[in-house]
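Full structure from sequences and hints, please.
In order, the protein sequences belong to chains A and B.
Note that my numbering numbers the first sequence so that position 71 is 71, with each residue one more than the last.
Note that my numbering numbers the second sequence so that position 185 is 185, with each residue one more than the last.
It is possible that some hints are incorrect.
Said to hold, decoys possible - Distance condition first, Cα-Cα at most 25 Å in a straight line; then the derived SDA-like pairs of lysine to any residue: (1) B/K105 <-> A/L145; (2) B/K109 <-> A/M140; (3) A/K138 <-> B/E73.
As the list claims (entries may be wrong) - Going by beta-carbon spacing under 8 Å, a handful of chain A positions derived as facing chain B: (4) G124; (5) Q125; (6) E127; (7) A128; (8) R130; (9) S131; (10) L132; (11) G133; (12) M134; (13) G135; (14) K138; (15) V143; (16) P146; (17) Q147.
Unchecked claim - For each label pair, taking beta carbons as the anchor points, the in silico distance ranges come out as: (18) B/E118 <-> A/Y150: 22 to 32 Å; (19) B/K62 <-> A/S220: 52 to 62 Å; (20) A/W59 <-> B/R239: 49 to 59 Å; (21) A/P41 <-> B/E126: 51 to 61 Å; (22) A/Y66 <-> B/Q57: 36 to 46 Å; (23) B/Q236 <-> A/S220: 50 to 60 Å; (24) B/E169 <-> A/Y66: 47 to 57 Å; (25) B/K179 <-> A/F57: 39 to 49 Å; (26) B/C68 <-> A/A120: 27 to 37 Å; (27) A/L153 <-> B/K179: 40 to 50 Å; (28) B/L216 <-> A/A120: 35 to 45 Å; (29) A/I56 <-> B/M1: 32 to 42 Å.
Read the hints as simulated data drawn from the structure, not as lab findings.
Where a beta carbon is used, it is the ideal one built from N, C-alpha and C, also for glycine.
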Amino acid sequence: MLEILSDNWLSLLIGQWPHGPMGGLVATIGLAIISLLLAFPLGILLALGRISPYRIFYWPATAVVYVVRGLPLIMFIFWAYFMLPLLINTSVSGVTTMVAALVIYEGAYLAEIIRSGIQALPPGQMEASRSLGMGYMKTMRKVILPQALYNTLPSMLSQFISTVKETSLGFVISVHELTFAAAQINNILLTRPFEVFTLLALTYFVLNLLLTGLVKLIESRMNSSRLVVV
Amino acid sequence: MIEFKNVCKWYGDYMALDHVSARVAPGEVVVVCGPSGSGKSTLIRTINRLEPIQQGQIFVDKVDVYNCGSLDELRSQIGFVFQQFNLFPHMSALENLMMAPVMLKRASKADARKHALELLERVGLESKADAYPAQLSGGQQQRVAIARALAMKPRIMLFDEPTSALDPEMVNEVLQVMKALAAEGMTMVCVTHEMNFARDVADMVWFMDAGKLVELAPPDQFFAAPASDRAKKFLQDIRR
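Structural data, given as structure tokens:
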């Protein structure tokens with residue numbers, strides 16, 4: 001297994017780059033980061049819709065969240081893969097497809113995390129700000145969201161970890177990421193699938209172990225520095 | 001300045017406010033008292049529309065609170081102080097005071113800061129300008145909360161049991177600030193159990209029971225010779 005790693009570590013790390021698209025571990029992390037960054041504003045919007053008293057905002061946001069949570073991610077990947085080119089009438093790269101599917105998927109999950117953060121705040125925060133004459137959106141921006149997002153940071157980072165794992169589904173639409181790189185190595189070696197995929201599993205595991213450690217670190221820092229006593 | 005006209009409010013079947021009619025004159029200090037569950041907090045929260053009402057009207061300076069052009073504009077003229085302080089925990093005391101005036105473009109950042117520091121000095125907390133709420137005692141938090149409400153230069157101040165969540169030794173520092181405000185001629189409505197404050201500062205005492213405004217009287221008269229049996233019993237109970 002070590003010899004497979006020493007022969008192939010570069011392609012596991014960056015895929016075929018610079019002779020092909022960036023792939024491997026770097027692409028996996030990149031996909032996860034880009035998806036989460038784009039999913040974040042979507043998540044905030046959906047969360048605001050989910051707590052809105054206005055049906056015109058509540059129902060669409062709720063529908064998105066329920067549909068996303070009720071379907072496996074791979075359905076969204078297929079849907080984006082086959083439907084997106086038809087809808088916009090041009091071919092779409094696998095990476096774009098994957099990002100689109102992940103953004104919708106993660107956006108819905110982030111929305112529920114952010115909503116829980118908003119609703120966990122004492123109602124007095126909203127009342128105090130509104131009593132000063134601050135409007136709803138101003139209150140959200142200056143009073144509610146800064147606290148809610150801060151308080152839910154650990155949950156959002158956990159979501160990031162599961163996003164890292166979910167990028168592996170990009171394999172089915174030939175996105176050049178870590179699983180794709182491992183499959184290619186397996187195709188070349190032919191006789192050693194057990195070692196190759198164990199290596200792949202170990203790579204995901206170590207990466208997520210590191211990220212989990214980071215989340216724990218941030219969480220303990222927050223607890224020691226937290227000025228918020230609710 | 002504030003006028004209740006036949007105000008009724010229900011929580012489901014429960015009648016929280018039962019045909020309340022009353023007025024508060026400019027510069028007047030009204031203390032609302034009564035047993036718990038009598039509707040005092042509900043009443044004061046209707047003045048800036050934190051609670052919906054189902055019947056009647058409330059006017060603040062001739063503006064119909066439940067049918068007005070800009071609720072935010074109206075609210076910015078009415079200061080509200082909560083039992084639980086409700087300071088913004090992610091902002092320093094100074095930032096708590098500056099946020100609304102700056103966000104609502106009532107003052108430049110520099111002017112808002114200057115005014116905020118003056119207000120903190122007025123409540124005796126100029127040294128705590130950079131402290132966060134969690135670093136302040138309950139009494140200090142409530143004084144910052146009063147200063148925050150004053151930062152919008154309101155014409156009316158509403159206090160919803162401002163000392164009820166405080167340790168006994170901190171009650172006085174908050175009452176002193178409220179007394180000073182009253183002496184300056186601020187129009188105030190205070191829900192409180194501090195009967196000494198009512199006696200010393202109030203122009204009128206409103207006694208509530210079961211959602212009804214049972215008795216309205218100057219404090220001397222209310223404490224010496226309450227007219228209703230319910231108020232007599234209430235006064236006996238709290239003196240014991």
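Outcome of the hint check:
The hinted pair formed by B/K105 and A/L145 meets the criterion: a straight-line CA distance of about 21 Å does not exceed 25 Å. With a CA separation close to 21 Å, the supplied pair B/K109 and A/M140 stays within the 25 Å bound. With a C-alpha separation of about 14 Å, the suggested pair A/K138 and B/E73 falls inside the 25 Å cut-off, and the hint holds. For A/G124, the interface hint holds, since its Cβ comes within 8 Å of a Cβ in chain B; the closest pair sits about 4 Å apart.
Using the Cβ-Cβ criterion of 8 Å, the hint placing A/Q125 at the interface with chain B is satisfied: the shortest such distance is roughly 6 Å. About 6 Å separates the beta-carbon of A/E127 from the nearest beta-carbon of chain B, less than 8 Å, and the hint is met. The beta carbon of A/A128 comes within 4 Å of a beta carbon in chain B, closer than 8 Å, and the hint placing it at the interface holds. Given hint, A/R130 at the interface with chain B, holds; its Cβ is 7 Å from that chain's nearest Cβ, closer than 8 Å.
A cut of 8 Å between beta carbons decides the hint on A/S131: the least distance to chain B is about 4 Å, and the hint holds. With 8 Å as the threshold, the beta carbon of A/L132 comes within range of chain B, its nearest partner Cβ sitting at about 4 Å, so the hint holds. Interface restraint check for A/G133: the shortest CB-CB distance to chain B comes to about 3 Å, inside 8 Å, so the restraint holds. Interface restraint check for A/M134: the shortest CB-CB distance to chain B comes to about 6 Å, inside 8 Å, so the restraint holds.
Below 8 Å, beta-carbon pairs count as interface contacts, and A/G135 has one with chain B at about 5 Å; its hint therefore holds. The beta carbon of A/K138 is positioned within 8 Å of a beta carbon in chain B (closest approach about 6 Å), and the interface hint is therefore held. Below 8 Å, beta-carbon pairs count as interface contacts, and A/V143 has one with chain B at about 6 Å; its hint therefore holds. With a cut of 8 Å, the hint placing A/P146 at the interface with chain B holds, because the nearest CB-to-CB distance is about 5 Å.
A distance limit of 8 Å between C-beta atoms decides the matter here; for A/Q147 the minimum to chain B is near 5 Å, and the interface restraint holds. At roughly 31 Å, the beta carbons of B/E118 and A/Y150 sit within the given window of 22 to 32 Å. Our hint of 52 to 62 Å for B/K62 and A/S220 holds, since their Cβ atoms are close to 56 Å apart. The hinted range of 49 to 59 Å is satisfied by A/W59 and B/R239, whose Cβ atoms lie roughly 56 Å apart.
Checked against the hint of 51 to 61 Å, the pair A/P41 and B/E126 fails, with Cβ atoms roughly 40 Å apart. Distance hint check for A/Y66 and B/Q57: the Cβ-Cβ separation is about 42 Å, which falls inside the suggested range of 36 to 46 Å. Judged by the Cβ atoms, the range 50 to 60 Å given for B/Q236 and A/S220 holds: they are separated by roughly 55 Å. The given range of 47 to 57 Å is respected by B/E169 and A/Y66, whose C-beta atoms sit roughly 53 Å from each other.
Evaluation of the 39 to 49 Å hint for B/K179 and A/F57 yields a pass: the beta carbon distance comes to about 46 Å. Taking the beta carbon of each, B/C68 and A/A120 are about 32 Å apart, inside 27 to 37 Å as hinted. About 44 Å separates the C-beta atoms of A/L153 and B/K179, a value consistent with the hinted range of 40 to 50 Å. Checked against the given bound of 35 to 45 Å, the beta carbons of B/L216 and A/A120, roughly 41 Å apart, stay inside it.
For the pair A/I56 and B/M1, the supplied restraint of 32 to 42 Å holds, since their beta-carbon distance comes to about 38 Å.
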